[in-house]
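Start from the sequences, fold in the hints, and give me the full structure.
6 protein chains.
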Amino acid sequence: MRTEGRLSNQLRPVKMTLDTNKYAEGSVWIEMGDTRVICTATVDERVPPFLKGQGKGWINAEYAMLPRATHSRNPRESVRGKLTGRTMEIQRLIGRALRSVVDLQALGERTIMIDCDVIQADGGTRTTSITGAFVAMALAVHKLSRNVKFARYPITDYLASVSVGVLQGDVLLDLNYEEDSKAKVDMNVVMTGSGKFVEVQGTGEDAPFSRAELGSLLEHAEGGIAALIEAQKEALGAAGTRIGAQRA
Amino acid sequence: MRTEGRLSNQLRPVKMTLDTNKYAEGSVWIEMGDTRVICTATVDERVPPFLKGQGKGWINAEYAMLPRATHSRNPRESVRGKLTGRTMEIQRLIGRALRSVVDLQALGERTIMIDCDVIQADGGTRTTSITGAFVAMALAVHKLSRNVKFARYPITDYLASVSVGVLQGDVLLDLNYEEDSKAKVDMNVVMTGSGKFVEVQGTGEDAPFSRAELGSLLEHAEGGIAALIEAQKEALGAAGTRIGAQRA
Amino acid sequence: MRTEGRLSNQLRPVKMTLDTNKYAEGSVWIEMGDTRVICTATVDERVPPFLKGQGKGWINAEYAMLPRATHSRNPRESVRGKLTGRTMEIQRLIGRALRSVVDLQALGERTIMIDCDVIQADGGTRTTSITGAFVAMALAVHKLSRNVKFARYPITDYLASVSVGVLQGDVLLDLNYEEDSKAKVDMNVVMTGSGKFVEVQGTGEDAPFSRAELGSLLEHAEGGIAALIEAQKEALGAAGTRIGAQRA
Amino acid sequence: MRTEGRLSNQLRPVKMTLDTNKYAEGSVWIEMGDTRVICTATVDERVPPFLKGQGKGWINAEYAMLPRATHSRNPRESVRGKLTGRTMEIQRLIGRALRSVVDLQALGERTIMIDCDVIQADGGTRTTSITGAFVAMALAVHKLSRNVKFARYPITDYLASVSVGVLQGDVLLDLNYEEDSKAKVDMNVVMTGSGKFVEVQGTGEDAPFSRAELGSLLEHAEGGIAALIEAQKEALGAAGTRIGAQRA
Amino acid sequence: MRTEGRLSNQLRPVKMTLDTNKYAEGSVWIEMGDTRVICTATVDERVPPFLKGQGKGWINAEYAMLPRATHSRNPRESVRGKLTGRTMEIQRLIGRALRSVVDLQALGERTIMIDCDVIQADGGTRTTSITGAFVAMALAVHKLSRNVKFARYPITDYLASVSVGVLQGDVLLDLNYEEDSKAKVDMNVVMTGSGKFVEVQGTGEDAPFSRAELGSLLEHAEGGIAALIEAQKEALGAAGTRIGAQRA
Amino acid sequence: MRTEGRLSNQLRPVKMTLDTNKYAEGSVWIEMGDTRVICTATVDERVPPFLKGQGKGWINAEYAMLPRATHSRNPRESVRGKLTGRTMEIQRLIGRALRSVVDLQALGERTIMIDCDVIQADGGTRTTSITGAFVAMALAVHKLSRNVKFARYPITDYLASVSVGVLQGDVLLDLNYEEDSKAKVDMNVVMTGSGKFVEVQGTGEDAPFSRAELGSLLEHAEGGIAALIEAQKEALGAAGTRIGAQRA
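Each protein sequence line maps, in turn, to chains A, B, C, D, E and F. With the first letter of the first sequence counted as 1, position 7 gets the number 7 in the UniProt record's numbering; the numbers rise by one all the way through. With the first letter of the second sequence counted as 1, position 227 gets the number 227 in the UniProt record's numbering; the numbers rise by one all the way through. With the first letter of the third sequence counted as 1, position 174 gets the number 174 in the UniProt record's numbering; the numbers rise by one all the way through. With the first letter of the fourth sequence counted as 1, position 155 gets the number 155 in the UniProt record's numbering; the numbers rise by one all the way through. With the first letter of the fifth sequence counted as 1, position 119 gets the number 119 in the UniProt record's numbering; the numbers rise by one all the way through. With the first letter of the sixth sequence counted as 1, position 4 gets the number 4 in the UniProt record's numbering; the numbers rise by one all the way through.
Just so you know, nobody snuck in bad clues.
Straight line, CA to CA, 27 Å or less: simulated BS3-like cross-link-like pairs of lysine-lysine: (1) Lys22(F) <-> Lys15(C); (2) Lys149(B) <-> Lys56(B); (3) Lys82(C) <-> Lys82(E).
Quick caveat, the hints were computed from the structure, so don't treat them as lab data.
In structure tokens form, the structure reads like this:
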């Protein structure tokens, strides 16, 4: 039995509050247990230099934590003068994951910039950021679609993410901070609404893992992600109906 | 009549939600109209090098805005690699203002680090940060006082801040973003619970101001700050009763 | 009686030597007692990106101290790799103050860049910099006016600055370093030739101040600034006669 | 048939030249086809601050590419003034992977610093770096063991890494640059001598992948890594015989 | 007798391996004793901003050492976030020296970028870099000349460099690290194929030197450089025949 | 005949004003024609980490130019966030040169920090800085000698520096900016009071030079430096009498 009384394959309570920011084109306040992240989407009618004139769009992401999002205070990266490797790794992951479900040609020459700011951290901040970032992006594209006539709807599928791990021999879904800090194997999985893998990042620094354990980890992740995508669909409602429409 | 139907000497609705962060020693979510700031206080049992061994404590503050706290997205200072002059100016102001109501000797050799993070900005983010920072600090000192036997209570008075300005010839209290961007004179005032000035920062870049206007601006500020200090007292309740006790 | 035998409302000896730099469009070596600052004005026939194509000019300022301008040596900001908050605050203040007496439309699309470099510091370096910066700017605009036909003369008024403070209960004008380091209240005031306030920055970190004290501080500042503006007029001579001409 | 005439599950020619650096405690020049990396191991009799006094050691890694290791010249990170996200990600991966086969307690309070410098890049630079880094580390520990009496031999297992990918529907082992740039799915795998996974990092930015494809990718990786570990054993010879000895 | 059994005016064994990099327009692996440097030349069909539109080309150089090129490991400049003064000085020297034998007008509006990366350092890394850089540049220009019809051949003369020093009263040629660290006078000389001086940089921090010693140092340098230029000619073969052709 | 009517071997007017800074242990305002430099010496009773506990002292130097010291304004290095290669090269040169005439053992465990700040630049700023830096250092050591009982006087000889160059076939001493910008060969020489060379840095980027030209350049430099050392002796007076005393 887990500290919070959860089953090994049970998510923490998920809560998504949409349009919490009065300026952003899309925004969501997402909670997974005590992990809380603000995700905003900003539409910029320009693209990075390497894409200019190609008729394609881009999705970019930045990630940060408030200094006291964690047990002890973390120095600000703005004060240190540079991003940590961890931050860079996470924001590259978020951007890559979102782009996997966006038809950049259909989006046209514009950038959607996603900001994920962790207000409180209790494990799974990168996976929660991805799940929330997708919702903020979906809201921004839905809003865009009122003014821009897309030949194809730019979002091709739903997308969510969850962490799984091995703790004292058990495979657990959606680890909180305490569990995560004791886990021997730690894996982050990103999947689409149609059940395909976009990212699988497993690390066994403390204990290498077998092919069988890997299978069990992925199974737990599949279940968790399916539930998260249901929650996204419910939260987005009408704003999500055209997602993946071009696949039909 | 102001855009929001306010009188010239009327504050926007103020809301303070205490202890919103599960890790920080003190925290508050403060709203002044659509301006929203998270203030946390972290107690660190060390002092900066220049104070070591003097038996005195320190109060420090940092300030930042989420990228999409504003109409258009602002680049992160962590990505730029350095703080802007505006940020430095504001966090120096917050720290200085808080220290004016703290008996650093009584606090003992420890630092209280205040973080003010603007979630949404609609004018008055620095003054709202100071008003909220005081509350977060008060909560942290109150919590400290359960374990540390203070000879004198370290907080000597209440403290709050508000902006005032001159817009089309009228002196206005607590300007929102739209008003602020049109104001000819802009002033930030910090005062104590006993009605004394801690900071007066007035600037008339677009139109120098007279001694009479200065008087009227300060009068408006005094009224607004008195109301904010009432709100702080109500919010803090029992946690605020020993503030200024040493003065008796 | 003050250490130098000055009265409470007496300035230190002021000395301005004009055109000390053979390359700059305007330059002055200014001394207030032992505080010495070199101010130069550089005319650049471009404007910052945010002003391009608007037919308006800009005034910018930078401020620095030589490492051994002070009692103990200060590390160079170029070696630290970034400006301190204090420097940023001061150079923002200088630029803002100067712009308050410049008709940017009349100046036309060009920038005047002011450099204030403190050769020796004995209190009041930021106020002395403003007083000197005005003179350097006035010289540069006067020189410009020989080649550029201004519809209106771009400088609309004189401008100078002085510090005031409260020391052992007395209000003092133009504090030197020793006085400044003991003062409880510290205020910098910038005023125009027509006696209006451009900046009022008072701070009572060590002892909050009352409305009455504020009044007395401003009175001292007014007297000091009037004397400084007389000194500027005398130094500029013919180069200053068109200042404020458009007001008539 | 692949451009170089290789089978889908065939490695490029591997070449390891040991002790190529006259100063380093361990060094190897490793080639995988046209990819060439110099790996050196430096023993430092100190540990990072967070480990001081715990009787444990540490393994750290840094990674870089010469500017003209690639088709077009890359600007130096030293000139840019900061590391790219890609570099940070790779060096964190190398360090984490190596630590998974080191008994840090057995190593004692010292750090082994691994430097991987890519001389020429033709795909697989991060996996080649890991395979070479293991050899350099093994040489350094072997050398250390002549002077330090280890209670247990600190290296607990062999370790190597390879890339796999999906290109035009085929799963391929050890992609060169040309193949890598066209692959839809890209995966890096790190495994131990006993056939366990240490890192699995798969990304399908261009085309999400199924569970079945994942299985096939891992199978190819297992074969490739087993062959690389054979090559490491042969290269290390006597210097590798005590690796994993404590497991017995 | 020197540690390696060399005479005072004898170079260490020189070895140049050409075209070691499959991407660069010119490359050489150069060894002087145990000092090893990789030099690559990259042709860029652009010039720096200050040369745009003048019909002239440019030669630029960068220099770095691998962290473990030296006895004890040096921190990476990319990790420190800035270049050391030593690196800047060396790369400015390399660029300046190469430009002295290039007719920039004849080269046309393009830049040749030279990278010198020290793989192993045993004294004389800057002089070896210059000697190797010349060869890499010569290869790149020779390759260019197949596609570009030069009015005059852009390389006007051969160029090489060597160090000389005074050790225990003796003047020595081409010092290794051990000799260099004990030398009282240290001098780097760059000369052309026609026997003229391009750079003479002598420093007697530990013992000022006389005019006579200077003469003897230059004599040793002349002999060493003549031998190095012979080695360059042999290595370049046909690729070097047009060098200096315009002088005829 | 030179622009200023000077002979080829004639220095510009030299002026040294001592003790211009009220805080520094030694200071001089030095002028060579229109080149003006403030040199200050700061005594710090600590040494850099690499010298701790060795009973030896250190001399360090920093160099900078005010932004408008030159024809057109140079951006501040503090704003750029890093030193240019030119600045680093110059300050390394100044420190090295001064150390050549200091007995670091005799100085004892303390550092003398020299700051050279160019107020106005008209050629020869680095050589003028060295000549002035020596005077500031001599004043600081003389002042130190009143409180510290030196076994041997730490300054072993006088030291000065001058530039020489080849312009239109003529060898010229002490080039001003206009001459310097047209010179084909440019050389900076540092010599001691006893006529030995400390630094010889000659560069012929635009035209390599012969052994004969080098001889003539050095001859001109010797004459100029002898005159500068006379001027130093006169300026220092009694403060310079013990310089080199230990040599007797």
